[in-house]
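Here is what each chain is made of, one letter per residue.
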Amino acid sequence: MERTLSIDLHAWRLGHRARRRNGVRLFAASVIVCACLSAALATWLPLQLSIVTVFLFAGPHNWFELRYFLMRLPVRFGKSRNFFVVAFAGIGLLTAGYLALPLLYNFTSWSSDAWSMVLASWNTLLLLWLGLLIWLRGKNKQRRDWSWSIPAALGLCSLNWLAPELFSLAIVYLHPLAALWFLDRHLRRTRPEWLRTYHQCLVMVALLLAGIVFRLIQTDALPDDNGLFWRITQHSGAQLLPGVSSHLLVSVHLFLELLHYGVWIVALPLIVPATIRAKQKPNRIWEVKTVGIARHPRGFPKLVGAALLLGLCVVAALWFGFSIDYSTTRDIYFTVAIAHVLAEAPFLLKML
Amino acid sequence: MKRMPAFCVLCIVLAAGGNTYADIARPSPSPEQPKIIFHTSMTVIPDKNARDARLQISQDSLNELKAALANTSADNSIRQRIANSPARTVIAGLCLFLSLSIGGIWLMRSAQPRGQKTVAVLLLGIAVVGAGAIITQANAGPPPSFQWRNLSQNLNANKPTYASVDIEILPEGYGMKLVVPVKNQ
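Chains A and B, in that order, are what the protein sequence lines are. Here the first sequence is numbered in my numbering, starting from 1 and rising by one per residue. Here the second sequence is numbered in my numbering, starting from 1001 and rising by one per residue.
Isolated chain B, as found in the complex (with noise of 0.2 Å):
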């Protein structure tokens, strides 16, 4: 009988955990990221001349443009698809994994000597396409933000600085923005 308002007050408990909980906002969820569809240049000119800031599009790279957003919804759907299911990318690499372990361990196995030597330039060859591309890229050239140093110096001494831009799509918001890198000196 004693254990009678003990599960009561338990039910209670429970019962006024659950509203509680229930009561908790719901997490605000996270801001949509925004979209690069296309990579390009620009040029900033400082004009004394000016009236009104201008921004110059050609026609090639309007068109480049129509067709980045064109596609992009494709692209983004099969991308986001691969991005955002980690379970489906871990057992993707699992299957990768398992493919190449038995697949050499059954090079191995089956080859003669003579195919073994095949399997050996093979191999060899893979790492020398590896290695180069490693050194490839050790030597690519400085990051996008280096072409934009000296843009604050530029616009000083009335110089264009020519430099490469992502073109992003926000998914709020009204009219443009440019973004420049600044790097404390």
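If we strip away everything but chain A, and leave its shape as in the complex, we get (with noise of 0.2 Å):
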């Protein structure tokens, strides 16, 4: 009988690290195969697939990260409630700030001088409020102290104040790198043996990147003789760096901005989920209950449920308004996205 039982719980072990093994190498082979095709077409096709690549999973993946903002939210906020009072307050008011800028724009006319000041207060604020998030959070954490944070924001402040234009643009380019780090974390959490696999695709993501500059640097400008074109290049710094080819800073940001797609609609939920529990029920991403704050017996399924509808509908209506007017409503959607990009500090912070 011991016999027996011994014989299958070696089996069930033997299956158990098979299909582990099989996780591991079906994600690095997504992650290469993904990264590798990413940095081919932006390299071969920048402002065509640019345009495609915002069309199609601009909003999508906008919902995809409520969602996962959603899951990660606690019930009660508990000893997190400064942190998290802080964390919703700048988001809503630097939101705002960011939103008057193109309307300020309009109504003013502000020297280019003026205006750099404008930029540079606005940044400092986002500096200062992310200093203020991470000491928050370093005062819920034991044995830490990041009281660093503050002198560090305001070392920033100063290279800020130098150059704000730069300062925006090297956000545009950070930005898509924070899915990156929140992939880590996730796997950090839920599959530490998967980290390692991970980390080495990471360097063959870095090496990619220096393969694109290597390859593109001394390439001529992209024609951005149509609004379009020139909206793509502007927003990727080729006007504050005339001196880069707009071939390479295109082909850079789409590159990243492609792998930010690819972990927050394909990683975070599908990849994740699928691999590691093959034999358990998925997680079905439309299924409400699968929110933690709307499964919970003291939380809020119906706010939830409306939030994700609502998402949807904007998800809707922004492939409806790229249909009609694509330049305009890139425009807006790149102004409003901001919400997005700084919802995300306080939630990766909630993960360290």
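Hints should not be assumed to be uniformly reliable.
[Unchecked claim] Keeping only pairs whose Cα atoms sit at most 27 Å apart, straight-line, the calculated DSS-like set for lysine-lysine is:
#1 Lys-1177(B) to Lys-1048(B)
#2 Lys-1048(B) to Lys-141(A)
#3 Lys-289(A) to Lys-302(A)
#4 Lys-1159(B) to Lys-139(A)
#5 Lys-141(A) to Lys-350(A)
#6 Lys-79(A) to Lys-289(A)
Simulated from the structure, these hints should not be mistaken for lab results.
Two chains, two separate frames, one set of hints: put the complex together.
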């Protein structure tokens, strides 16, 4: 009897290990294929792919982010109350301030230096908010002193005041990388044995990025003779960095954006549960009860359902807007999308 | 009622003053400063057999000059933005001061005795490097004008003079000028 049980247990262990190995392999293969394909397409057709990518994935990736953030939101804030109050107040105020900038631009005739001051002020508020969030997060952690965040934020403020436009451009390029950090933290919690493979994939991503730079550094600027192409090159910093080929800038930004969309739309919601829980019932993304604050007895299932439904409506409205007037919808989207850029900060900090 | 004439006089004076001020000519714009785009060297060679003055540039120098010309617009725009905004520079300095002050206080308060030793070693290292930089700077070579000091004697003696030169782009004018530093002996 014992012998039979032992043999069964051994077989189960072997099967479990094999499933894990297959999961890691599938995950690594997916990352490698996606990264290589993204790099090749971003290098080959940067402007065209940028248009298609934003059209298809901009809205859905925001919906998946919303769902992920709702999943990570606690039912009761408890000791983290101050942290979340500062986080949500900051997201609201900074988003409102950012939305006011184009309106101010239309109704005032300030000089470029005055605009630099306004931009630097907004960046300063953002940095001080981030510094405060890190400090508050550190207060909730034992044996950790994160007070360094305040002098670090002030040091970055100093750099920001020297060249605010370049600082804003740095945010444009750094924001897509936050998704890779989210995935790192997610794997650290759910599948720590995958981390080594994931870090190796990140090295490959860095090599691909270096390859794109090496390949495109001497290329001519992209044609930006129509309004839409001009918008895309400006978004990537072609005006701020005239010494760098706009082809390189657009391709690098597009590559990072594709990785960003890939993590939010494919990796986090699909790959991880599908490969881990081969025999378990997978979480269906449209089920409201899969979100913690909706499933909890003291949770808010109706509110969560309404938020997700509203998100879907916004995605549909974005697609409709892109179909009617792509350029204007793109401008509006990238202005409003600052909210999701800001929202990533507190949720990432909560995972640290 | 007596105030009415006084008020009218005041209005006339203000209106006249406004017109007078409006008639003042605009201040003439300050002349645009030349931009240094390239630093290289030059040899002045007096040649008794030459029929005309010649400016000889090596191919490498010409290529470097072209590259410098291509990059100058971008480089200057960033540099000018920083240089032309004293308010932003002051705020940046203030932020840096606050960052270093608060960071220093945090280091001293948070560091363990072992950590304090590390910080002390770090500060000592920075001080040594700083002192080294000052000493090196103090021992730096003579200014570029020193190389031009014997130009007139060399020209008289028909000898070449080798010295450094900055290539500047002038917004106005025609042709080339060679401005040589001359010190009264």
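Cross-check of the supplied hints:
Distance restraint check for Lys-1177(B) and Lys-1048(B): the Cα-Cα separation of roughly 21 Å lies within the 27 Å cut-off, and the hinted pair is therefore satisfied. Among the hinted pairs, Lys-1048(B) with Lys-141(A) is inconsistent with the structure: their alpha-carbon atoms are about 83 Å apart, more than 27 Å. Proposed proximity of Lys-289(A) and Lys-302(A) is supported: the alpha carbons are some 10 Å apart, at most 27 Å. Proposed proximity of Lys-1159(B) and Lys-139(A) is contradicted: the alpha carbons are some 75 Å apart, above 27 Å.
Our distance criterion of 27 Å between C-alpha atoms is met by Lys-141(A) and Lys-350(A), whose separation comes to about 10 Å. The straight-line distance between the Cα atoms of Lys-79(A) and Lys-289(A) is roughly 25 Å, inside the 27 Å bound, and the hint therefore holds.
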